[in-house]
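In case you want the letters, here they are:
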Amino acid sequence: MNEQQHLETLSDIKRIMERSSRFISLSGLSGVWAGICGLAGATVAYLWIHSYYLAWDTRGSYYDNDYAALRFKLIALAVVVLTVTLAGGAYFTWRKARRNNLPIWDATSRKVVVNLCLPLVTGGFFILGLMYNNHEPLIAPSCLVFYGLALVNASKYTLTDIRYLGITEIILGILNIFFLSRGLYFWALGFGVLHIIYGLVMWWKYERGMKIEG
Amino acid sequence: MNPIGNLNKLFDSRIRLGVMSVLMVNEEVSFNDLKQVLEVTDGNLASHLTTLEENGYLKVHKGFIGRKTNTTYSITKAGEKAFKGHLTALENMIRSIE
Chain A
28 MNEQQHLETL
38 SDIKRIMERS
48 SRFISLSGLS
58 GVWAGICGLA
68 GATVAYLWIH
78 SYYLAWDTRG
88 SYYDNDYAAL
98 RFKLIALAVV
108 VLTVTLAGGA
118 YFTWRKARRN
128 NLPIWDATSR
138 KVVVNLCLPL
148 VTGGFFILGL
158 MYNNHEPLIA
168 PSCLVFYGLA
178 LVNASKYTLT
188 DIRYLGITEI
198 ILGILNIFFL
208 SRGLYFWALG
218 FGVLHIIYGL
228 VMWWKYERGM
238 KIEG
Chain B
400 MNPIGNLNKL
410 FDSRIRLGVM
420 SVLMVNEEVS
430 FNDLKQVLEV
440 TDGNLASHLT
450 TLEENGYLKV
460 HKGFIGRKTN
470 TTYSITKAGE
480 KAFKGHLTAL
490 ENMIRSIE
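Chains as they are written, first to last, in our numbering: chain A, 28 to 241; chain B, 400 to 497.
By construction, these hints were calculated from the structure, which means they are not laboratory data.
It is possible that some hints are incorrect.
[Unchecked claim] Within a straight-line C-alpha distance of at most 25 Å, the following computed SDA-like cross-link-like pairs (lysine to any residue) qualify: (1) A:Lys138 - B:Thr450; (2) B:Lys434 - A:Val107; (3) A:Lys41 - B:Gly462; (4) B:Lys408 - A:Thr36; (5) A:Lys138 - B:Lys408; (6) A:Lys183 - B:Asp432; (7) B:Lys480 - B:Phe430; (8) B:Lys461 - A:Met44; (9) B:Lys476 - A:Leu186; (10) B:Lys434 - A:Ile204; (11) B:Lys458 - A:Asp133.
[To be verified] Just some of the chain A residues that point at chain B, by a computed CB distance under 8 Å: (12) Glu30; (13) Ile40; (14) Ser48.
Since we're looking at a predicted model, the values are computed, not measured.
Glycine included, every Cβ here is placed at the ideal spot set by N, Cα and C.
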């Protein structure tokens with residue numbers, strides 16, 4: 028064996044170690060897509076909330092049915108945004124995995140999903156509890172903090188950039204706690220702007236040079 | 400001293416070296432996951448796993464998921480030492496040429 032072969036062997040070992048322990052197919056475009064969906068959702072929510080308060084101001088009094096309708100519309104919006112985000116995100120990642128000839132559902136992606144879901148589902152029930160108790164202003168910071176923790180937790184099994192995205196989300200969530208009336212802005216910043224920035228950075232780092240074929 | 404003497408003969412095989420690489424960074428790996436990562440056939444992988452087991456480099460755990468057998472593999476202390484030794488030998492050889 029010569030030097031070249033030894034170098035190849037070492038890089039083989041490194042590649043196998045990485046591929047078997049980390050899910051590397053996560054696409055930056057999934058992040059950009061999530062950010063666009065987040066911003067669109069936040070804009071619609073802003074308009075709805077705005078017109079609700081406009082109606083209140085003109086009428087000059089609180090109206091129970093109006094509030095219930097707004098609440099229902101916002102929950103429906105959240106479900107739609109989440110579904111569209113996940114579907115698009117999965118599509119871009121599936122496309123990247125296929126291009127690299129890697130399986131999308133293997134031991135590493137399973138680990139990412141499990142470790143992501145643990146804090147995320149916890150957060151989901153926590154937020155349902157907040158809604159049940161009418162603590163709506165706490166929803167946005169809770170989303171940010173639990174999502175951030177979920178990302179940090181899952182980052183051990185995927186691209187390390189996710190760890191920093193997670194930490195930024197946590198910081199935003201903590202700041203939000205002290206500016207509760209600005210929840211929607213923090214939410215749009217965390218789920219919209221940050222996703223787009225990190226998505227673009229990841230795309231630039233890992234996918235820019237990849238051939239577009241098949 | 401001849402540096403090639405430090406290279407582990409067992410790791411001449413790319414598949415055996417690959418199995419060890421996977422087991423170094425994952426606590427327990429199933430047969431199917433190994434097959435998927437290394438892109439090899441059942442028979443080929445099985446024979447290499449037997450060789451590594453006979454040399455005490457890996458442990459086999461036979462379990463069940465429902466009725467299906469689920470065999471997982473993990474690295475032994477001896478296996479870890481042998482793998483690290485092999486890596487060091489590779490590095491030294493590259494350095495000695497430079």
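Evaluated hints:
1. A:Lys138 - B:Thr450: violated, 29 Å
2. B:Lys434 - A:Val107: Judged against 25 Å, a Cα distance of about 39 Å means the pair is violated.
3. A:Lys41 - B:Gly462: violated, 30 Å
4. B:Lys408 - A:Thr36: Within the cut-off at roughly 14 Å; holds.
5. A:Lys138 - B:Lys408: violated, 34 Å
6. A:Lys183 - B:Asp432: Holds, at about 19 Å.
7. B:Lys480 - B:Phe430: With Cα atoms ~23 Å apart, lysine 480 of chain B and phenylalanine 430 of chain B stay inside 25 Å; holds.
8. B:Lys461 - A:Met44: Between lysine 461 of chain B and methionine 44 of chain A the Cα gap is close to 24 Å, so the pair holds against 25 Å.
9. B:Lys476 - A:Leu186: violated, 29 Å
10. B:Lys434 - A:Ile204: violated, 48 Å
11. B:Lys458 - A:Asp133: holds, 22 Å
12. Glu30: holds, 5 Å
13. Ile40: Holds - the Cβ of isoleucine 40 of chain A comes within 8 Å of chain B, reaching about 5 Å at its closest.
14. Ser48: Since chain B brings a Cβ to about 4 Å from serine 48 of chain A, closer than 8 Å, the hint holds.
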